Amino acid sequence: MNFLLEFYNYRILAEYIPQFYEGLCTTLKISFVALFGSLAIGTVFACLRLAPNPILWRLAASYVQAIRSTPLLVQIYIIYFALPEIPLLDRRLNELEGGILALALNAGAYMSEIIRAGIQSVARGQVEGAMSLGMTYIQRMRHVVLPQALARVVPPLLGQTAILIKDSSLVSFIGVSELFSAGVTVMTERLIPTEAFVTVALGYLVIYLVLLWASNWAQRRLAGP
Amino acid sequence: MSETILITAPLLMKGLWLTIKISMWTVALGSFLGFVIGLIRASRMKILKAALGVYIHCLRGTPFLVQLYLIYFVLPATGVEWLKFEAFPAAVIALSLYTSTYVSEIVRAGIEAVPKGQVEAARALGMSKWQTLGHVILPQALKLMIPPMTGVYVLIIKGTSVVSVIGITELLRAGEQAALRYPSELMTLYGLVALLYFVYCYPVLRLGRWAETKFGRIENSL
Numbered sequence: 000m001n002f003l004l005e006f007y008n009y010r011i012l013a014e015y016i017p018q019f020y021e022g023l024c025t026t027l028k029i030s031f032v033a034l035f036g037s038l039a040i041g042t043v044f045a046c047l048r049l050a051p052n053p054i055l056w057r058l059a060a061s062y063v064q065a066i067r068s069t070p071l072l073v074q075i076y077i078i079y080f081a082l083p084e085i086p087l088l089d090r091r092l093n094e095l096e097g098g099i100l101a102l103a104l105n106a107g108a109y110m111s112e113i114i115r116a117g118i119q120s121v122a123r124g125q126v127e128g129a130m131s132l133g134m135t136y137i138q139r140m141r142h143v144v145l146p147q148a149l150a151r152v153v154p155p156l157l158g159q160t161a162i163l164i165k166d167s168s169l170v171s172f173i174g175v176s177e178l179f180s181a182g183v184t185v186m187t188e189r190l191i192p193t194e195a196f197v198t199v200a201l202g203y204l205v206i207y208l209v210l211l212w213a214s215n216w217a218q219r220r221l222a223g224p
Numbered sequence: 000m001s002e003t004i005l006i007t008a009p010l011l012m013k014g015l016w017l018t019i020k021i022s023m024w025t026v027a028l029g030s031f032l033g034f035v036i037g038l039i040r041a042s043r044m045k046i047l048k049a050a051l052g053v054y055i056h057c058l059r060g061t062p063f064l065v066q067l068y069l070i071y072f073v074l075p076a077t078g079v080e081w082l083k084f085e086a087f088p089a090a091v092i093a094l095s096l097y098t099s100t101y102v103s104e105i106v107r108a109g110i111e112a113v114p115k116g117q118v119e120a121a122r123a124l125g126m127s128k129w130q131t132l133g134h135v136i137l138p139q140a141l142k143l144m145i146p147p148m149t150g151v152y153v154l155i156i157k158g159t160s161v162v163s164v165i166g167i168t169e170l171l172r173a174g175e176q177a178a179l180r181y182p183s184e185l186m187t188l189y190g191l192v193a194l195l196y197f198v199y200c201y202p203v204l205r206l207g208r209w210a211e212t213k214f215g216r217i218e219n220s221l
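Protein chains in written order, with numbering that gives the first Met the number 0: chain Y, 0 to 224; chain E, 0 to 221.
Hints listed in this document are in silico derivations from the structure and should not be mistaken for laboratory results. Only a predicted model underlies this, so the values are computations on that prediction, with no experimental measurement involved. Cβ coordinates follow ideal geometry from the N, Cα and C atoms, glycine included. Just so you know, nobody snuck in bad clues.
Going by beta-carbon spacing under 7 angstroms, a handful of chain Y positions derived as facing chain E:
hint, residue
1, Ser68
2, Thr69
3, Leu72
4, Ile77
5, Phe80
6, Lys165
7, Ser168
8, Pro192
9, Thr193
10, Val199
11, Ala200
Covered stretches of chain E (in silico footprint by chain Y; criterion: 3 or more residues with CB under 8 angstroms from a CB of chain Y, positions within the stretch not fixed):
hint, stretch
12, 50-60
13, 63-70
14, 154-167
15, 179-190
16, 200-208
Chain Y is faced by these chain E residues, among others (derived, beta-carbon under 7 angstroms):
hint, residue
17, Val73
18, Ala76
19, Ala193
20, Tyr196
21, Phe197
Let the sequences and hints guide you as you build the complete structure.
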């Protein structure tokens, strides 16, 4: 047992269980809110990207390209440090709101590409069938295309969710105390980097494995012909 | 505004140069490592394949930030002399390991996209395993790998922004330092940093799109 204590001092770590637990909860909370935001943004931009109006689809395409060619950390800094007061709130975004907004905007661009691929995978004949029934663009999307596309995109969306959760570690840079910053706290207070960061890594790994399992399950259940 | 840009330009350019240096090192090292792992993953070496599967999941399942800290702070704490890295090598090694997981899956998918019949035909003609790989599989697989590989290179460039945390003054940290000096021009400076990243990444993304129309894409990959 002494051998283990030298490499991984679980006794010191036990004092920090509340910090790690709170950090884990915050990470999950941030990711959960950002996930819903990104799905909404992704769906809207995927539909815009496929719209016949050139202004609309060019706008959506530039958004996706701008997000994809800049680092998330820069996006977080711009939203948190550089955004002025928000008129409706009468104040600037706090670190939690800024972090969530940046994560949602970032993941939304990637989600929109996945959803767009899903929409385009729906056979052309089905859209033409819906058109010949006199359905409008909105109706075709709502009743024919999106239900089929969503079933096909669930596994890659879960993969993107795993990336979103990992990326949420970057909001610790603007002072949100989540799972990663719990590790930083342990390192700075006790100077035990091994225990601090191996524990953090294990925490993220567990979340990832759960999502991996869910993705495989969804792939089996939703697999098309 | 233009005055601030002029004054901070040398600092930002130095940062950009370091970003380019880190990303180029990582492209070379990460691609090589990923290529070797991908070859093994596509081979029939069962135990090694399974071990590398665990390696890939471990690296994919944790944030890059955590991996960077593990390599920069935890490895030196083990006391082994050659595991004590300076910031720059630590950044390149961490980014390369992270990159290798993506590259290896692309290489594996590219190799598996070549029809089995061709391999069997080559073997029937008396070609050795390595000849089959070099003359039949790779010439076709490499072309298929180019489009997804550009995506990985963009990932690397963006990943370099995270290494600012261990004290490397690359583009983002240079921007932070400039912003500390001119707090009133925060939006301009961070906008400029974002623009520089965009200028570096966007051509690579375009190249990927061009390669995809030219060489086609691997079905069901990634």
